[in-house]
Every structure is written in C-alpha cells, then in structure tokens.
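Visitor: Given the structure of chain A, go ahead and fit chain S onto it with the hints provided.
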Amino acid sequence: RKEVEQDPGPFNVPEGATVAFNCTYSNSASQSFFWYRQDCRKEPKLLMSVYSSGNEDGRFTAQLNRASQYISLLIRDSKLSDSATYLCVVNPSNTGKLIFGQGTTLQVKP
Amino acid sequence: NAGVTQTPKFRILKIGQSMTLQCAQDMNHNYMYWYRQDPGMGLKLIYYSVGAGITDKGEVPNGYNVSRSTTEDFPLRLELAAPSQTSVYFCASSYSAGAREQFFGPGTRLTVL
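The listed protein sequences correspond, in order, to chains A and S. For the first sequence, our numbering assigns the number 34 to the initial residue and increments by one for each residue that follows. For the second sequence, our numbering assigns the number 911 to the initial residue and increments by one for each residue that follows.
Only chain A is shown next, with the shape it has when bound in the complex (with noise of 0.2 Å):
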C-alpha cells in the first residue's frame, strides 16, 4: 500500500463547480498534513495546511478525519486558474522528510 494514495484524475469541471479531491495515508502516527498546488512543469507551492478541525481559506477548505487516515481538499466556484495538480502531503513525526501523493489533476473548463 503506498504511504499517500490520491486518486490521479484527471478531474474535468465547468467554471463555478464544486470539486473534491481525497487522499489517504498510511501512517496512524502522522503529524502534519498539506495540500500543495504543483502548476504544469512548476515547482510545487503550498496552498493550505490541514487541521483536524477542518480549516478554510477562501474557496478553499480542507479536513483531516485521523480516525480514517482520510485528508480532503473542496474548492467551491471553480476558475480557470485553478486547473494544476493538488498534491497531497503528510510530514510524518514533523521530521520534514514530506511524503508526497501522486497528485490529482484538476482541468476547469470555460
């Protein structure tokens, strides 16, 4: 079983539509978790940390179920500029040593 597992998309939306992405871990005794946005041939960039009650940041909201190992990321009213690659990453024991998911690939569509 992988560490981090994300369903790779590639996800299709319209503009201004709800989308969900999920990821799992395996690791019970992971610290940390992050959502980072990585833009074609880009370097990944953090686009929000995860709490385990929940935390939103403009469109943006994320959540951490550590009962089922289960992170989740929903952007609301999609734009275009959202289209890129949402990687899914645990620090486990905050030891910096990320542990990244494949990543899922999110195209918005006009």
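Hints in this document: simulated from the structure, not taken from any laboratory. Every residue gets a Cβ at the ideal spot worked out from N, C-alpha and C, and that includes glycine. Treat the hints with care, since some could be wrong.
[Unchecked claim] With a Cα cut of at most 25 Å, we get these calculated BS3-like pairs of lysine-lysine:
| # | chain 1 | residue 1 | chain 2 | residue 2 |
| --- | --- | --- | --- | --- |
| 1 | A | Lys-75 | S | Lys-954 |
| 2 | A | Lys-112 | A | Lys-35 |
| 3 | A | Lys-75 | S | Lys-919 |
| 4 | A | Lys-78 | S | Lys-924 |
| 5 | A | Lys-78 | A | Lys-35 |
| 6 | S | Lys-954 | A | Lys-35 |
| 7 | A | Lys-142 | A | Lys-78 |
| 8 | S | Lys-954 | S | Lys-967 |
| 9 | A | Lys-78 | S | Lys-967 |
| 10 | A | Lys-130 | S | Lys-954 |
[Claimed, not checked] Away from chain A, derived, C-beta distances all over 12 Å, residues of chain S:
| # | residue |
| --- | --- |
| 11 | Gln-916 |
| 12 | Ile-922 |
| 13 | Glu-982 |
| 14 | Pro-993 |
| 15 | Gly-1008 |
[Claimed, not checked] Derived DEER-like restraints, expressed as beta-carbon distance ranges:
| # | chain 1 | residue 1 | chain 2 | residue 2 | range |
| --- | --- | --- | --- | --- | --- |
| 16 | A | Leu-113 | S | Val-970 | 42 to 48 Å |
| 17 | A | Thr-51 | S | Ile-964 | 41 to 47 Å |
| 18 | S | Tyr-1005 | A | Asp-72 | 37 to 43 Å |
| 19 | A | Ser-59 | S | Gln-927 | 19 to 25 Å |
| 20 | S | Asp-948 | A | Gln-64 | 41 to 47 Å |
| 21 | A | Lys-78 | S | Thr-917 | 26 to 32 Å |
| 22 | S | Asp-983 | A | Ser-101 | 41 to 47 Å |
Guide: Coordinates of chain S only, in the frame set by chain A:
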C-alpha cells in the same frame, strides 16, 4: 530574496557520465532537501540536511551523493548516470523540520540517454 535557486534548468547526460546539480537558498534555512519527480508521480526524497555538515539519506538515495559545507548551498552529485535517473529534480528548504512550508526551487530537468 531569490528564495531557492537551482542550476542548470535542463541537462542531457550520456549513460555513465557524472554531474552536479546546484542548489542555493538565501533564507538562512537550516533544513534543505533534494527530491525527484518522475512523470505523473509525486516527489520522492533523495537526501536531506539539517544544517551545514550534516546530511542523511531519504527514500531513494542510491546513485546520488550530497554535501553541505555552508548553510546556503546543497549540491547533489550524480555518479555514473543511468536512464533510471531521468527525472525532474527539486531542491527545497525550510526553517525547521516541522515548519509549515517547504520552499521549492524551479527544478532541474535531467535526461539520461
């Protein structure tokens, strides 16, 4: 601040050649990392460093070496390049191991033929 810089941007190597990928950061971060990303895949950690003079292996260290003589620089050495090392290499840095964010360089695209 330039952040994390990497050179070269692109490189084609022949099997058996060697090269050094350069990485530098100007944020005074103690922690630095090298990752590789194969097509359609997530990033995998090759080596990391917690400060000048201290390095350790990540998940996929075979075929690579690193050194960290200064806080700013963290070069990655490929010895005897193989086609399996064709990948995009990202260098990253962070203030601490538990830092909220790692900052990535723009990457080096390496092809081994």
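Visitor: For every hint, state whether the structure bears it out.
Guide: Tested hints:
Restraint check for A:Lys-75 and S:Lys-954: satisfied, since their Cα atoms lie roughly 16 Å apart, inside the 25 Å limit. Restraint check for A:Lys-112 and A:Lys-35: the C-alpha separation of about 31 Å exceeds 25 Å, so the hint is violated. Proximity of A:Lys-75 to S:Lys-919 is assessed by CA-CA distance (about 11 Å); at most 25 Å being required, the pair is judged to hold. With a C-alpha separation of about 32 Å, the suggested pairing of A:Lys-78 with S:Lys-924 is violated against the 25 Å cut-off.
Among the hinted pairs, A:Lys-78 with A:Lys-35 is consistent with the structure: their alpha-carbon atoms are about 22 Å apart, no more than 25 Å. Straight-line distance between C-alpha atoms of S:Lys-954 and A:Lys-35 comes to about 12 Å, which keeps the hinted pair within the 25 Å bound. Restraint check for A:Lys-142 and A:Lys-78: satisfied, since their Cα atoms lie roughly 23 Å apart, inside the 25 Å limit. Between the alpha carbons of S:Lys-954 and S:Lys-967 the distance comes to roughly 12 Å, so the proposed pair stays at or under 25 Å and holds.
Pair hint A:Lys-78 plus S:Lys-967 holds up; C-alpha atoms about 23 Å apart against a cutoff of 25 Å. Simply put, A:Lys-130 and S:Lys-954 have alpha-carbon atoms about 9 Å apart, close enough for the 25 Å limit, and the pair holds. Against the 12 Å criterion, S:Gln-916 falls within the reach of chain A, whose nearest CB is about 9 Å from its own CB. Residue placement check: S:Ile-922 keeps its beta carbon more than 12 Å from all beta carbons of chain A (closest about 17 Å).
S:Glu-982, annotated as away from the interface, keeps every beta carbon of chain A farther than 12 Å; the closest lies near 18 Å. Distance check on S:Pro-993: its Cβ is at least 21 Å (rounded) from any Cβ of chain A, clearing the 12 Å threshold; non-interface status holds. Distance check on S:Gly-1008: its Cβ comes as close as 4 Å (rounded) to a Cβ of chain A, failing to clear the 12 Å threshold; non-interface status is violated. At about 35 Å, the beta-carbon gap between A:Leu-113 and S:Val-970 misses the expected band of 42 to 48 Å.
Distance hint check: the CB atoms of A:Thr-51 and S:Ile-964 are about 46 Å apart, consistent with the given range 41 to 47 Å. Between S:Tyr-1005 and A:Asp-72, the C-beta spacing of about 24 Å breaks the proposed range 37 to 43 Å. Look at A:Ser-59 against S:Gln-927: about 37 Å separates their beta carbons, and that is not inside 19 to 25 Å. Range check, S:Asp-948 to A:Gln-64: about 27 Å between beta-carbon atoms, so the 41 to 47 Å window is missed.
Checked against the given bound of 26 to 32 Å, the beta carbons of A:Lys-78 and S:Thr-917, roughly 20 Å apart, lie outside it. Checking the proposed 41 to 47 Å range against S:Asp-983 and A:Ser-101 shows it holds: the Cβ atoms sit about 42 Å from each other.
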